[in-house]
Amino acid sequence: MNELALLHNSLLIGALLFGLGMAGFLARRNMIIMFLCAEMMLQGIAVSLIAWGRYHNDWGGQMLVIMILTVAACEAGLALALIVMLYQRTGRLDIAAWSEIREESLPAYQDVELDEFTAETQVWPKLTTAGVLPDVDPSVDEPGGHRGQL
Amino acid sequence: MDLSQLLLLSLLIPLLGALAIAVSGGASPHLARGIALITSLATLAAAGWVTCGGSHVTGDVAVTTYNWLGANSSVDVKFSVGLDGLSLWMYGLSALLSVTAILVSWTAIKERQPGFYALLLILETGMLGVFSARDLLLFYIFFEFTLIPLFFLIGIWGSEERKYAAVKFFLFTLAGSLLTFVALLAIVLHAASVAPVDFNTARMTFDIKELAERLVRDPLPLNWQFWIFLGLFAGFAIKVPLFPLHTWLPLAHVQAPTAGSVILAGILLKIGTYGFVRFSLPMLPDATVACMPWVLGLSVAGIIYGALVALAQSDIKRLIAYSSVSHLGFCMLGIFALNKTALTGGLLQMINHGLSTGGLFAVVGMIYERYHTRQIDQLGGLARRLPWLTFMMLLFTFSSIGLPGLNGFVGEFLVLTGIFQRGWVGPSWMQSSLMWIAILSVTGVVLGAWYMLYLVQRVFYGPLYEPAGDHGHGNHAHGQADHGHAAQGLAAHGHDAHGGDHGHDAHGHHAEPPLPPGPTDMNCREFFALAPLVVFMFWIGLKPQDFTKRLDESWKYAAPAAAALDKATPPVTVPAKIAAGTKPQTHSVLKQGAE
Amino acid sequence: MNALLIAVPALPLAGALFVALTGWKLRGLSHWPIVLTIAASFLCSLGVLNHVREEVAKNQALADSDPAKTVGFEMVAPIWTWLDIPDAYQSNQPLNTPGGKTVTTAPLHIDVVLRADALTAIMLCMVTFISTLVAIYAAGYMHGDRSYWRFFVYIGLFVFSMTMLVSVSNFVLLFCFWEAVGACSYLLIGFWYQKPEAAAAGKKALLVNRVGDFGLALALFLIWTNYGTLDYHDPVEGGQSVVAGVLGQTRLANPDLFVHGGVAVAICALLFVGCCGKSAQFPLHVWLPDAMEGPTPVSALIHAATMVTAGVYLVTRCTPLFMAAGAEPLFMVGDSPFTAQMLVAVIGGFTALLAGLIALTQTDLKRVLAYSTVSQLGYMFLALGTGSSLGIVAGMFHLFTHAFFKALLFLGSGSVMHAMGHVIDMRQFSGLRKIMPITHATFLIGCLALAGLFPFAGFWSKDEILASLHERSHAHPVATEQAALQIDSSKQASIDRDGYQHVALLSEETPHKHPHAAHNPAFDTTFSHGLYGFLYYLAVGCAGLTAFYTFRAFYMTFYGELKVPAAAGDHAHESPASMTTPLVVLAVCAVFVGMVFGFPTHAFSDLLTQTPSLAYKTIADTAVEPEFHVDVAFWGTVVALIGIALASYLYLGDRKEAAAIAKASGPLYDLSLGKFFIDQLYLVVFVFPLLVLAYLCYAVDRFLIDGAVNTVGAIPVAAGKTMRLLQNGMVQFYALAMVLGLIVLVWGIAIYGS
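Chains as they are written, first to last, in the working numbering: chain A, 1 to 150; chain B, 1 to 595; chain C, 1 to 754.
The hints are simulated quantities; they were obtained by calculation from the structure and are not laboratory data. Treat the hints with caution; some may be incorrect.
Computed footprint of chain C on chain B, listed as stretches where at least three residues anywhere in the stretch have a Cβ under 8 Å from a Cβ of chain C [claimed, not checked]:
hint	stretch
1	138 to 145
2	209 to 218
3	379 to 388
4	454 to 466
Glycine residues also receive a C-beta, built at the ideal position from the N, C-alpha and C atoms.
Throw the hints in and build the complete structure from the sequences for me.
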């Protein structure tokens, strides 16, 4: 494998890590997960830096990565401490619980409450054995039965 | 103590006075105005001494310079103050009008007196500073420094719409002056790039004189000049205010307390015209020449437009505010005519307008204090009730409409003569346009007489008519401020169509009914607030030479632009006949020769 | 001598200032300082006149022996430097200096300089004499007025301004005092400011005068740009001015140095616009009748005898400028030029006729007299417009005599008004000769003088005017010929590209250089003769009108059965001595001034023609041997007698015929009664449109301009309102925005970057 191909592959991995992290950061609401995603983006950058460093025969890349790791460690400490504090305030790890800095006139973000689903309340359709006439389903006659809810 | 120290003192005293008021704060509400009056009188004494001392010599006087960055810095930015012919009279006028402003506020301001007077004193320092600054940065600092106290004066002590007016005034002028700042910095940067290679002079200088010298030696390219001119124009033209950038002015004037109006009309508007002469004419001569037709056109439009709109007003203060728009047009005409006579007239007109319009606003303030109205249709025949105030009003009106013997005439005459002559000796395009400008401006003078005389006729002449009810406190003949009295807006005199009610009661008939109780005439304080203005109005009117001889040297600021104009347009060729000894004829045919 | 000249205006000023400072204490005695100072001023004026007369005599004695004598006589008294702007005049136009050299730069140097010549001295004497009498009269008339002292302050200021007006030696200062007398007039018309009519009339007077001053100001600018100076006189020793004065000896000795051509015509026409304003000529005459709202002494002094004649004075003073304009056309009538002088004559003649027609039907005694003043001023301009020495002297002489008898008539009407309790409507009183014998007698003398009957003052001056017109309509004055040459030369010069005209050469040039001179239209005097001939008959007709309306007013007031309005109360008796004495003095003057100074002695014309402006060659050449025109005098008298007879027939009896004629003439009568509806016309044509424009401008200001400003101000606000919707508080939205921003940035760099 020549140096250029190695660079390509490493950069690809770095970009994938960065992209995954970014997608996760945007899509997830759990603060810890978001933090981890941010870390992942950081690692993507780190991989690219190492790749470039090797390609150029330069220690600068690795040096920066070690610095990033150091800073990331500090940052992780701080961030987790903040997350703990925030959790203690609301009892939730949801980032949407914190939207105080919006413009006054705009409505606060609200989660749409979905019905809870539990295994006990679910009525599953029963399949009859092949070749046997099925029973009449008792719930069909009841208006507003569970089918309507699904 | 020499003049330069006195000048510094005059800048310092008002600030000390403001500090004293702040310290003595709540002790007694009336203490503040006492301190303010003493402070402003002391400032007037210092500034008056400097002005008198400076009026007999030529060149710069009372110069003081402290380097801010050390003498060897590569950036030459200094605290440098001093006066020359251009700034001398405006500097003196600022000190004079400050005293007037404090005297007219004496009883009119009843709330938060310490703050009011402290701000007024700070404003005084700003005004004195802006005219005495010799450093560009210092000029700009003082230029903006005048804005803030007036913003609060209008916003806190103004009339009903004070907040809107204050914000509009502030934003409008600030928007322009920020562009001015950019333009001024561009001038500095360019001048730095053309600095002489000499280890004794700093490359980048903020010294106004040095800048002008460098730019005359090494003019900016025309397109640079043009953009910089636009930047300067934005700030100064709004300040003047030049039509159509004037709409903040009537609002600010109407809403401001009397002192604010006096200062605003008397001094602050002139900073704009002053800036044009100080920066645009000497530093951007080519752009000035290129924009001259437009500026002249806008000025003359402002003269006529301002006069016409003033004619349509029902509020006395607004009428006078629009008359300011009209009168400042004459200043601009004089400055941009690039003619010595006109420039002298324009600069003199700056002083004249300060005196007459400052006085008019003061008189209106006195009326407002007595009747709590400024509406023309609610007042009438006040000459019967307030003869001395009417007398003062007449004087200021005469000055404002340019009646000879008073100051207004001299300025208008010089401006128009100058502009007419500039047109006459110029090439044909300029001849026709400038002469039309002169002719149109004279119609502005006619209209000016119309609206001012209309005002006098409606408010001061005719049968006595006063608004009903409470006429304010402390101004009553019999101190009966609390119960409304009999002067309920009635014609105090019945009189028949044949004019029976004038005098002639020696024979027992047509006896005049006694005046119902109401506000009293001018008191001593009000008289002394206005008297100095009147003295100077007569002085300028009867012997303008005392003032113009010091304004003369300002021509050096316009000379580069005038030279550029002459370069741009080849002058009339002198026929060889004169040189050959033929009897020369002064002739209209010259005109044809020029074409 | 200079001190005497300076004392003339200084004394009334001192009096006015003294009363202004002490009036609140003096009260009823306030007239004393003013009367005394004006009287002293009159004595000083006499001293000046005497000095001028002596010097003129000396000058004339030198006439033959010394060819380099000065033109006329003038004395100059500098007081202080008003204004000095060095090198203000810079052009390539050469300016003449007294030394015969030229310069191209000149200072704008204006000295307050008093200058007396025959014209000034005569005006000074006339003004101060009438003022003294009016001040004495006013002491009686204004007695008991609340603002007694204020009145005398204004009178003192007016006399100061008027004497300065006629004695300053600079066009700027002339303009100053021109407006200063206007301001005094404003203050005095509005003296009873509580009368809305008086306040409005004062405003109108100042405004209409401002319109006239508009023209005068433009004339000043033209003079400055063409002459490089605004002084009348040549530079005096030690002065900083270098350029030869506009009306100075240098130019008078060599009339070619005046500016000729179109500019000269423009200067004259614009000067005359100013005169129209001040002297109430059509179309700016509308303020004078309204000015009668002021106290009657004011009407007599300012609006009849002195201030309104300032225009006549100015035209006379500027005669050289008018002569320089010569036959240069203002516009062409067919092939003939209509000159600036014809403009003066035509406007004067038209005003004389118009005002005379209006005066026929007015019922307000003072307004009849006011229109009569307008008409007589028109007469004076008519004479000045002839452009001959005879005409100008006639115009000035009419000014002189008119001052006496018109002041007399006004003071008489004031006496009537005083007795009638300020009723001045002639329909409300009649037959007053029984209770006011002195007023009646003096008024009659005034009427006879105004009507121009032999041997009263008006006869002599009116006769001179008619004679000058008669002369002009037949003769072929030298001036015309010269002017014709000038017009020809200017045509020649305009072809030359060098831009200079060689008028000086033309006097030597003979018609062979101008072969077309013979059929040059300017030589064709048919038009000018016809015009002046027409004006002559018009003037004769106006004499009849004058006689008629004068005696109509006289009969309506003093004849018929005794009727006194209720307003008079117990007050209807002869006025006090302080009022009747001036009447008697003026009546004596009205009888004798014509005879003493007029044709029989030539005292007036001999002196006046020694004014430098009227003594120089161009105008002096137009002088003809004075002779008494019997036919002119005859026709003038006959027409006046017809007028009087008609008035006696209609108004001496029961006045039924008068009413019948009024009814029969229908709309014509209404036209005259309504003053030809000129006021209303101006209201519709000028005032309303301007006011509409004013309100329109205000609307534009409020909504368009301020609207634009507010729109600009609203842009950031609107932008902010939109952008704030993005601040929804969701962290992930912010993150998304960051990512999108980054993408756009990277994309942009990738596409457009380097």
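Structure-based check of each hint:
1. Taking a C-beta to C-beta cut-off of 8 Å, the stretch 138 to 145 of chain B contributes 0 residues in contact with chain C, too few for the three needed, and the coverage statement is violated.
2. Given as covered by chain C, the stretch 209 to 218 of chain B fails the check, having 0 residues with a CB less than 8 Å from a CB of that chain where 3 are the minimum.
3. Only when three residues or more bring their CB closer than 8 Å to a CB of chain C does the claim for the stretch 379 to 388 of chain B stand; here the count is 3, and the claim holds.
4. Beta-carbon proximity to chain C at under 8 Å applies to 8 residues in the stretch 454 to 466 of chain B; the threshold of 3 is reached and the given coverage holds.
The structure shown violates the earlier hints numbered 1 and 2.
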